[in-house]
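So in our numbering, the last spot in the sequence shown is 1867, and the numbers never skip.
There may be inaccurate statements among the hints.
As the list claims (entries may be wrong) - List of simulated lysine-lysine pairs, DSSO-like, C-alpha gap at most 30 Å:
| # | residue 1 | residue 2 |
| --- | --- | --- |
| 1 | LYS1551 | LYS1652 |
| 2 | LYS1521 | LYS1652 |
| 3 | LYS1574 | LYS1558 |
| 4 | LYS1558 | LYS1521 |
| 5 | LYS1635 | LYS1558 |
| 6 | LYS1832 | LYS1702 |
| 7 | LYS1574 | LYS1652 |
| 8 | LYS1562 | LYS1635 |
| 9 | LYS1562 | LYS1702 |
| 10 | LYS1558 | LYS1532 |
| 11 | LYS1635 | LYS1574 |
| 12 | LYS1832 | LYS1861 |
| 13 | LYS1521 | LYS1551 |
| 14 | LYS1635 | LYS1702 |
| 15 | LYS1832 | LYS1793 |
| 16 | LYS1574 | LYS1562 |
| 17 | LYS1551 | LYS1574 |
| 18 | LYS1532 | LYS1574 |
| 19 | LYS1702 | LYS1652 |
| 20 | LYS1562 | LYS1551 |
| 21 | LYS1562 | LYS1521 |
| 22 | LYS1652 | LYS1558 |
To be verified - Pair by pair, the computed Cβ-Cβ distance ranges are:
| # | residue 1 | residue 2 | range |
| --- | --- | --- | --- |
| 23 | SER1741 | ALA1621 | 47 to 55 Å |
| 24 | SER1741 | VAL1565 | 46 to 54 Å |
| 25 | ARG1400 | ARG1769 | 15 to 23 Å |
| 26 | PHE1792 | ASP1500 | 36 to 44 Å |
| 27 | GLU1561 | GLU1755 | 31 to 39 Å |
| 28 | ARG1769 | ASP1576 | 40 to 48 Å |
It is worth saying that the hints were derived from the structure and are not from the lab.
By construction, the Cβ of each residue, glycine as well, lies at the ideal position given by its N, Cα and C atoms.
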Amino acid sequence: MVIIHNPILPGFFPDPSICRVGDDYYIANSSFEWFPGVPIHHSRDLANWQLIGHALTRRSQLDLRGIADSGGVWAPSLSFADGQFWLIYTNIRTCGMGRPFKDIGIYLTTANNIRGPWSDPVLLNSIGFDPSLFHDDDERKWLVNMEWDFRKGRHRFAGIVIQEYDAQTQKLVGAQTKILEKPGVLIEGPNLYKRDGWYYLMLAEGGTGWNHGIAMARARNILGPYELDPQSSVLTSRDDATLVLQKAGHGELVKTPTGEWLLAHLASRPLKTGAGKNPASPDKTASAQMHAGDRCVLGRETCLQRVEWRDGWLRLVSEGAKPLEVVAADVSPLKLKDEEIGADSRRLLQGGGSRDEFNVSTLDARWSSLRVPMEESWLSLAERPGWLRLRGRDSTFSSFNQSLIARRVQHFKFVAETCLEFAPTHFTQMAGLICYYDTRQHYYLRVTHDEKLGKVLGVVLTDDGTYDELTDSQVAINDWKQVFLRA
């Protein structure tokens, strides 16, 4: 028996896709505008997870330059069949700001080893997002995704479509079929499973906010007709504001060697403000009003729940549909081998801190950059051993060529610090420590140049797109060769 504490992947690890190969479990997550794309974690006991790398590490696999905030890689789907790993993912090039179009590309890449190398991707279609690849027991393969309808007067979430995929030609074949519609409901994240002669369709629905959840449908034929689960949600936290795990939804199933089923899903842990209902909020759903003013600053995280099949439908073992923080799973405690967990990772698993001296030839896999690969043209670990050298490029508002590397925030209370050497000679030159959400939301403790004061330390911030400088707190540091920054 293994005790699982949720979230199993704290911090920004949304849209989990889980698969098992022998005694090894793997989870892939969305990475949005961050590079490299699609982080992959490994576990042998479902409780302890180690980041082993990323699937999309080359510009030929993923071009994010110019991608809008929260665009990029949405909802990858990882599977293992025919002796290899399959990864389906979406690159969203246009989103938000009331735009009707998404400018979508759904891609497929494969690898013989989970650690890569992963192949250059094949474009499958551009009609929706949240794709998955279903490997049927008759050796046929099917692409399933939601359909996005941009036309005036149409429901944007237009339903779930399916089409056969030919692995030999690497193309979709046959007719595309719409297998499910739920008018007025946001349905996405489709995944197919086959059990006891039924095809089960798992759906994320209700949007990715407080109304999120997971629903099911089933059919005898893969093309339908599909009947809806009499229980409206298999998993949701929309009706209980007291739960620690909120926004629960978007999941995938995995079966253990002993026949137990588990559901990997996303959830968020809000900071409670106590603001209560907000009549001015544009979101009038009951769940949104219960959480008015609450903020999920750690993002959407990955969790696991035990599930079982009862009367032909998927149900939580714990009854009801509410996610649990602690889950006991009947799996063998096959720990990761010592050589698979570095000292730094071990401290994190034990709740301790992490330190990077930049005294290695490649950056730790937990570092990410924005939209572009970490290349020697702007980043070097070799030019000055024991230091990370960055060459300045675009501003923090850019969606093209920022010289920025970052790590996920995984705890509500934490300290981040760095030592900086920088000698700016113009006010356009700056470097420092940033707490970054996106181009419209970030706080930047930076060293720059002022014509009167010389080398200065100060804070600039962007709140909901509004830029500001705390000039009253600017401090001259002309005699400081090294600057220690802490947040």
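Hint-by-hint comparison with the structure:
1. LYS1551 - LYS1652: violated, 48 Å
2. LYS1521 - LYS1652: violated, 45 Å
3. LYS1574 - LYS1558: Answer holds: LYS1574 to LYS1558 is near 19 Å, not above 30 Å.
4. LYS1558 - LYS1521: With Cα atoms ~16 Å apart, LYS1558 and LYS1521 stay inside 30 Å; holds.
5. LYS1635 - LYS1558: holds, 28 Å
6. LYS1832 - LYS1702: At roughly 59 Å apart (the allowed maximum being 30 Å), LYS1702 and LYS1832 break the hint.
7. LYS1574 - LYS1652: violated, 40 Å
8. LYS1562 - LYS1635: holds, 28 Å
9. LYS1562 - LYS1702: Cα-Cα ~23 Å, so holds.
10. LYS1558 - LYS1532: holds, 20 Å
11. LYS1635 - LYS1574: Holds, at about 12 Å.
12. LYS1832 - LYS1861: Given pair LYS1832, LYS1861 holds - Cα atoms ~19 Å apart, limit 30 Å.
13. LYS1521 - LYS1551: holds, 11 Å
14. LYS1635 - LYS1702: Judged against 30 Å, a Cα distance of about 21 Å means the pair holds.
15. LYS1832 - LYS1793: violated, 37 Å
16. LYS1574 - LYS1562: holds, 22 Å
17. LYS1551 - LYS1574: holds, 23 Å
18. LYS1532 - LYS1574: violated, 37 Å
19. LYS1702 - LYS1652: Since the Cα atoms of LYS1702 and LYS1652 sit roughly 19 Å apart, the hinted pair holds (cutoff 30 Å).
20. LYS1562 - LYS1551: holds, 28 Å
21. LYS1562 - LYS1521: Since the Cα atoms of LYS1562 and LYS1521 sit roughly 25 Å apart, the hinted pair holds (cutoff 30 Å).
22. LYS1652 - LYS1558: violated, 41 Å
23. SER1741 - ALA1621: 47 to 55 Å: Because 49 Å falls inside the window, the suggested range holds.
24. SER1741 - VAL1565: 46 to 54 Å: holds, 50 Å
25. ARG1400 - ARG1769: 15 to 23 Å: Violated, at about 42 Å.
26. PHE1792 - ASP1500: 36 to 44 Å: Since PHE1792 and ASP1500 have Cβ atoms about 40 Å apart, the given range 36 to 44 Å holds.
27. GLU1561 - GLU1755: 31 to 39 Å: Since GLU1561 and GLU1755 have Cβ atoms about 45 Å apart, the given range 31 to 39 Å is violated.
28. ARG1769 - ASP1576: 40 to 48 Å: Violated - the Cβ-Cβ distance for ARG1769 and ASP1576, about 59 Å, lies outside 40 to 48 Å.
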